[in-house]
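Visitor: Start from the sequences, fold in the hints, and give me the full structure.
Residue numbers (this note's numbering), protein chains in the order written: chain A, 1 to 361; chain B, 1 to 352; chain C, 1 to 285.
In case anyone wonders, no lab produced these hints; they're calculated from the structure. Check each hint, because a few of them may be wrong.
To be verified - Calculated lysine-lysine pairs in the DSBU-like style (CA-CA distance at most 30 angstroms, straight line):
#: 1; chain 1: C; residue 1: LYS137; chain 2: B; residue 2: LYS165
#: 2; chain 1: B; residue 1: LYS243; chain 2: C; residue 2: LYS137
#: 3; chain 1: B; residue 1: LYS147; chain 2: C; residue 2: LYS137
As the structure is a computational prediction, the values presented were derived from the model and not from experiment.
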Amino acid sequence: MSDAYLTIADLRVGFASVPVVRDVSLAVQRGEFLVLLGPSGCGKSTILKTLAGLIAANAGTIALDGTRLDPVPPHRRDIGLVFQNYALFPHMSVAANVRFGLDMRGVSRAEADSRVAEALAMVRLADVEYRLPSQLSGGQQQRVALARALVVRPRLLLLDEPLSNLDAALRAQMRFELKDLHRRAGLTTIMVTHDQMEAMAMADRIAVMQAGAIRQIGTPADIYDRPGDAFVATFVGTPPAALLPLSVAADGAVRIAGLPWSPPPAIAAALAPGDALLCLRPERAVLVAPDTAGALPARVVGAEYFGADWLVHVTVGATPAIVRTGGPAARGDMVGVLISVEAPLFDASGARRIDRIFSMS
Amino acid sequence: MRLRSKRAWRAVRRAVFWGVLGLGLIGARPASAQDFSGKTLVVGVWGGDIERLIREHVVAALEKETGAKVELLLGGTGDRLAKIYAERTHPTMDVAFLNIYESPQALKDGVVDAPDPSAPYYKTIWPGMNNGCYAMSLNGLGIAYSKKLVTSPPEWADMWKPAYKGKIALPPYPGSEDDGVLAVAARLAGADEHSADKAFSKLAELKPIATTYTSLDQVFGLMGSGEVAMAPMIGGYAMAALKKDPDIGFVYPKSPGPVLVRDMLCLVHNSPNPELAKKFAALALGVELQTAYATELYFGPTNMNVKVPPAMANDVIASPEQVKSLLTLDWPYIITQRAAWTDRWNKEILGD
Amino acid sequence: MPLSRLLPIIPLAPACLLMGVMFLLPFGMVAVTAFWGQAPGSWLVDEAFTTRNFARILADPYFVLVIGRTLRIGVEAAVICLLLGLPVASVIVRARGQVRGLLLVLMLLPMVCGALVQTLGMLNLFGLAGVVNGALKQLGLIDRSIRFLGNETGVLLGLIQAFLPLMVLPLVTVLGRIPPDLPAAAASLGASRLRVLQRIMLPLAGPGIAAGAILVFSASVTSFVTPQILGQGHVQMFGPLVYQQAALVLDWPFASALCVVMLAALALAAALLAGVARLAARPRA
Ligand SMILES: Nc1ncnc2c1ncn2[C@@H]1O[C@H](COP(=O)(O)OP(=O)(O)O)[C@@H](O)[C@H]1O
Ligand SMILES: [Mg+2]
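Guide: Below, the structure written as structure tokens:
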């Protein structure tokens with residue numbers, strides 16, 4: 001922890017005494033690409049702005065590269081922030097926008113010229129340098145904002161939902177370019193997003209946030225395969241995982257979503273008496289005949305076709321769930337849902353993963 | 001028979017139709033010269049008390065007598081002059097109240113009619129007062145003073161006493177008060193208003209002027225607080241106002257006597273309703289309104305037949321002796337100097 | 001021109017007509033009258049072309065002085081209103097919802113009352129017999145009133161008081177349109193507060209500053225009531241001067257010529273300000 005490049009400890013931020021960021025601690029390694037993932041309004045932008053010095057923290061410390069940042073005013077922090085809405089200066093050309101940070105640092109004219117050209121080339125915008133921001137497309141504006149932050153070679157790059165205003169095709173392309181850029185520039189980067197696909201695709205590590213607190217930090221695989229709690233399990237993954245209430249009576253009788261269920265022997269062996277939540281991911285289950293041994297009893301309520309696969313919507317008891325399949329299913333049919341790979345199990349409140357993982361095999 | 005009767009009936013109907021129409025046309029003409037219904041007499045006059053008294057004592061009676069409507073256009077003489085000069089060829093105003101210094105010029109420029117010596121209301125006015133137009137009211141330029149600073153009723157010369165330096169207020173130039181003060185200053189310097197240099201250099205001795213006052217309340221307030229000692233003022237206005245304030249006095253000085261200033265009633269040349277205008281003039285110059293002017297506004301009547309109550313004899317210029325004591329200026333000359341004197345006033349009296 | 005191309009212009013016709021009748025026509029008449037004169041010893045306008053009025057204005061240092069003083073006071077009023085208006089507008093812009101509305105109404109209240117009421121208020125407050133002098137006398141601090149009014153400072157005070165809203169309103173409009181992220185972005189790029197003001201806020205507020213300055217300046221140089229009452233004859237300005245010539249001396253051609261000279265000066269000033277604003281707003285390469 002102590003050798004981390006950026007260390008945030010017990011950070012607390014509030015607006016007019018309404019807490020927005022609650023005791024957030026975070027360590028980021030040099031050159032790492034960390035993604036803050038969470039639903040909108042959970043405090044992600046607030047953390048970035050606090051790092052940049054634009055919002056004052058109520059408590060906690062921030063240290064970058066071994067020095068405390070808290071007393072440093074924003075313009076001396078040397079942290080590049082790309083705003084959610086880009087915040088380009090509307091009265092300045094693209095080149096002037098990009099050059100702004102260099103001007104503020106008193107970089108010589110010749111050097112500034114070459115660095116601006118270099119930055120614009122890096123984001124593939126060399127041909128629009130004399131246009132005003134209002135004359136650019138959303139994707140171009142986003143890249144100008146990026147170039148403007150990159151050109152000063154900040155000690156830390158903060159990206160606030162940089163792709164959220166782009167259309168789907170451009171977003172996919174920019175996602176790749178951004179990651180590529182990170183690889184080439186090697187800047188320590190914190191990116192904020194509420195899109196878990198984006199987070200999975202780009203992050204070295206993801207910090208999942210909810211209501212101002214970090215629920216879990218880990219690699220995308222950690223987050224996906226070993227979610228720390230029910231919130232993380234359902235927030236990460238599309239379509240979202242279903243949580244099926246599971247109860248084991250003292251005599252070993254198992255009910256799932258209120259229905260009697262005789263789990264496969266491997267699962268049965270792993271269960272202990274009590275209540276729990278079973279996490280069912282759509283891509284980690286298959287539809288089988290209703291009388292298949294170990295299958296969950298379910299009813300088909302509809303199916304969506306996506307070309308490569310189908311999403312079959314079912315209910316287990318009263319609980320809805322989704323299963324990704326290779327073929328359709330008829331509405332109203334009774335089916336069995338067979339858990340195909342290991343699935344996490346949480347305690348009844350969903351706050352903690354029960355560290356017993358079971359599977360078919 | 002049936003055919004003939006039908007044709008006859010048609011002829012009768014036609015005759016009746018034309019007859020009625022003809023009668024109607026005749027009926028639409030004024031039955032006599034005294035019926036003015038449908039006409040509107042336009043009178044340009046000051047707003048406030050003057051307007052109120054004219055409404056009460058003239059407009060009501062005239063409208064009743066003639067059936068005409070009277071419209072009072074309120075404003076200062078500048079507004080009225082602008083209007084009657086601009087509409088010189090097609091006037092819409094019938095009667096305009098002007099100041100004494102304006103009426104001779106208006107007559108000279110042909111925008112108003114000369115007073116008619118044969119008119120009955122001409123004859124009841126003090127002789128020699130109808131300059132340019134009919135004299136409507138007599139007023140004297142006197143001195144309003146703070147009783148706290150000026151213990152006895154002052155003379156003009158007292159304004160120049162060192163004790164009152166910087167404590168004399170004047171109204172904005174041009175206006176009859178300031179022209180009057182210039183004429184007085186000239187006389188104190190041994191000349192008269194024809195010697196502008198003497199007038200201005202004498203008046204400039206009063207500098208700095210405490211304030212250029214635009215309302216009586218303003219100058220009375222400054223007298224109350226001891227910032228202004230004296231201010232030349234037209235008697236009528238001052239009298240009416242100072243009855244409310246025991247610390248302020250007003251005097252008509254004697255050497256020279258108070259400067260005569262007058263409101264004038266002018267009949268606009270070529271006006272649309274000359275007959276009505278004359279009727280208006282007869283009422284306005286008559287005993288009733290002139291008495292109201294005297295008793296309510298302290299404006300001296302121009303009509304010799306008005307009897308001012310004895311209690312007001314000192315406040316209102318009404319007796320032949322009082323009228324004789326007034327200093328009459330060469331207003332036609334003064335008005336020709338207006339532009340030049342305005343420039344001189346701006347520079348020599350107000351400038352540093 | 002085909003009708004379809006004319007159609008979009010038709011709704012503009014009433015406004016154009018109104019402008020034409022209410023503004024251009026009278027202005028044209030003033031411009032023409034300025035080249036007329038008055039026959040000697042008469043108030044009748046002599047419609048023979050003459051440049052006498054302009055010669056008189058330019059030859060007499062008094063008129064040049066009054067116009068010069070008026071322009072200077074106008075510039076002073078505009079600058080002081082800008083300095084006072086920027087913080088006021090910033091506070092209003094930062095206030096939320098209802099508070100913001102309330103502040104705006106408070107700001108506008110004096111304007112609603114009209115110049116005369118405000119000026120008389122100033123007179124009651126700062127006059128020789130006013131509240132402030134009265135209080136000072138009561139406290140025994142002075143025994144003769146201090147002359148706050150009847151000098152340029154008094155007139156300037158009155159003009160600023162009367163016309164500050166003309167500056168604040170456009171400033172609130174432009175400042176309100178600057179997203180708060182822009183100064184934040186500039187700061188994160190290394191700009192100090194001063195640099196943010198200089199490079200971001202002022203250029204973006206430029207059109208509002210120019211509009212406010214032109215409004216305050218124009219209102220000040222054409223004002224009548226404030227210099228007339230607060231100047232007390234000691235501070236001659238353009239408005240009372242024209243009133244004196246037109247309504248009291250009845251020399252309309254000369255008054256018109258004064259207006260033409262002033263309008264020319266105003267047009268020059270407006271063009272200058274607009275040029276400065278355009279320069280400031282020009283995108284930097
Ligand atoms: N300037 C502010 N004043 C008051 N509340 C704010 C302010 N900025 C953000 N908030 C509140 O703080 C919470 C977190 O906001 P934010 O950090 O922008 O969320 P996110 O970026 O995760 O969507 C939200 O509930 C938001 O309404
Ligand atoms: Mg956000």
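Visitor: Indicate, hint by hint, whether the structure satisfies it.
Guide: Here's how the hints hold up against the structure:
1. The hinted pair formed by LYS137 (chain C) and LYS165 (chain B) meets the criterion: a straight-line CA distance of about 21 angstroms does not exceed 30 angstroms.
2. At roughly 27 angstroms between alpha-carbon atoms, LYS243 (chain B) and LYS137 (chain C) fall within 30 angstroms of each other, so this suggested pair holds.
3. Annotation: proposed proximity of LYS147 (chain B) to LYS137 (chain C) holds, straight-line Cα distance about 20 angstroms (limit 30 angstroms).
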